[in-house]
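For the sequence shown, counting from 1, position 138 maps to 185 in my numbering; every step adds exactly one.
Be aware that one or more of the hints could be misleading.
Label pairs and their in silico Cβ distance ranges [unchecked claim]: (1) Glu251 / Ile297: 43 to 51 Å; (2) Glu278 / Ser73: 28 to 36 Å; (3) His286 / Tyr62: 17 to 25 Å; (4) Asn90 / Pro258: 46 to 54 Å.
Everything labelled a hint here was simulated from the structure, so no lab data went into it.
In this text, a Cβ means the ideal position worked out from N, Cα and C, and glycines have one as well.
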Amino acid sequence: MGQWRPVSNLRDQVYRQPPVVVFFLSLLILSITFVSTGLYSQNHDLSNPDISVDWNRVLGAIAGFKFCPHLNDTDAPPEEDSPRMVEHSDRTNISTSSVRVSLLVPLAFIGDFPDKTVISATMSGSQLGMKGAAAKASVNISLLLLTNVSNIQTPAGTQTGRPLTCLHFTALTHVLPQTPSPPECPVAEYEDKSASVVRTVAVESYKHNSPHCFSLEFTPDPHLTVLLTKEEKALCRYHLLLVSVALLLICVLMSLCGSFSSRSPRSYQGNDLQKDSLLSH
Numbered sequence: 048m049g050q051w052r053p054v055s056n057l058r059d060q061v062y063r064q065p066p067v068v069v070f071f072l073s074l075l076i077l078s079i080t081f082v083s084t085g086l087y088s089q090n091h092d093l094s095n096p097d098i099s100v101d102w103n104r105v106l107g108a109i110a111g112f113k114f115c116p117h118l119n120d121t122d123a124p125p126e127e128d129s130p131r132m133v134e135h136s137d138r139t140n141i142s143t144s145s146v147r148v149s150l151l152v153p154l155a156f157i158g159d160f161p162d163k164t165v166i167s168a169t170m171s172g173s174q175l176g177m178k179g180a181a182a183k184a185s186v187n188i189s190l191l192l193l194t195n196v197s198n199i200q201t202p203a204g205t206q207t208g209r210p211l212t213c214l215h216f217t218a219l220t221h222v223l224p225q226t227p228s229p230p231e232c233p234v235a236e237y238e239d240k241s242a243s244v245v246r247t248v249a250v251e252s253y254k255h256n257s258p259h260c261f262s263l264e265f266t267p268d269p270h271l272t273v274l275l276t277k278e279e280k281a282l283c284r285y286h287l288l289l290v291s292v293a294l295l296l297i298c299v300l301m302s303l304c305g306s307f308s309s310r311s312p313r314s315y316q317g318n319d320l321q322k323d324s325l326l327s328h
């Protein structure tokens with residue numbers, strides 16, 4: 048006959064069934080995590096998980112590479128690191144489904160950088176963090192450091208005194224992120240005819256340490272990240288609460304089942320002793 052002894056039976060279950068105890072604790076911790084995540088989202092901003100790539104990620108990916116000019120055959124980075132160049136100036140080679148944009152981005156060159164110099168390179172979509180068909184596409188980029196930023200405003204509407212870079216893209220329309228973008232670059236600055244163009248290839252930082260390579264520093268702009276709206280966060284909290292309650296109910300049922308035992312450990316010990324005595328006779 049079953050006996051309901053909560054404390055002793057639960058203690059016995061802990062000793063006799065460790066896997067069940069680990070599963071119980073995992074459900075309990077998961078439930079607490081869901082509740083904590085819901086409470087955290089109530090007063091904090093969360094990025095939209097449905098947006099795989101935004102402009103912050105693209106710019107961060109660009110800053111993760113070094114741009115190295117072809118000095119000679121031995122110093123040139125491997126060809127597989129640089130896709131085929133797409134010319135900016137030749138409009139006849141640009142597909143009608145491509146787009147040309149000039150954006151003012153929070154990228155800054157590290158170290159001494161010559162004035163009136165444009166760094167031009169071609170990167171693949173995968174290097175920019177793209178996925179699917181966009182990962183195989185080529186993106187032509189050109190970077191021009193702007194030293195005079197007194198009349199330039201950030202997306203937030205405030206003026207900035209930090210170095211900014213005019214970044215020009217030529218790519219297929221579906222490759223670039225369809226999310227809030229940085230402000231447009233001043234046309235006069237970018238179309239400066241006196242600027243010299245340095246053709247480079249993008250290589251990962253740990254693969255090339257030439258002093259002639261150009262490095263970039265990126266400062267993320269929170270206005271370029273797509274956040275969850277209040278309604279979306281409320282829906283997430285509701286779903287998290289439902290799952291958390293369901294997990295807690297499972298934990299309660301497991302505790303009730305564990306507190307009710309059909310046989311006590313002493314009865315098992317008594318049966319074992321009886322069997323031993325019968326075998327000895």
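The hints, checked one at a time:
1. Between Glu251 and Ile297, the C-beta spacing of about 47 Å keeps the proposed range 43 to 51 Å intact.
2. Range check, Glu278 to Ser73: about 32 Å between beta-carbon atoms, so the 28 to 36 Å window is met.
3. Checking the proposed 17 to 25 Å range against His286 and Tyr62 shows it is violated: the Cβ atoms sit about 37 Å from each other.
4. In this structure the hint that Asn90 and Pro258 lie 46 to 54 Å apart at CB holds, the actual value being about 47 Å.
The structure shown violates just one earlier hint, number 3.
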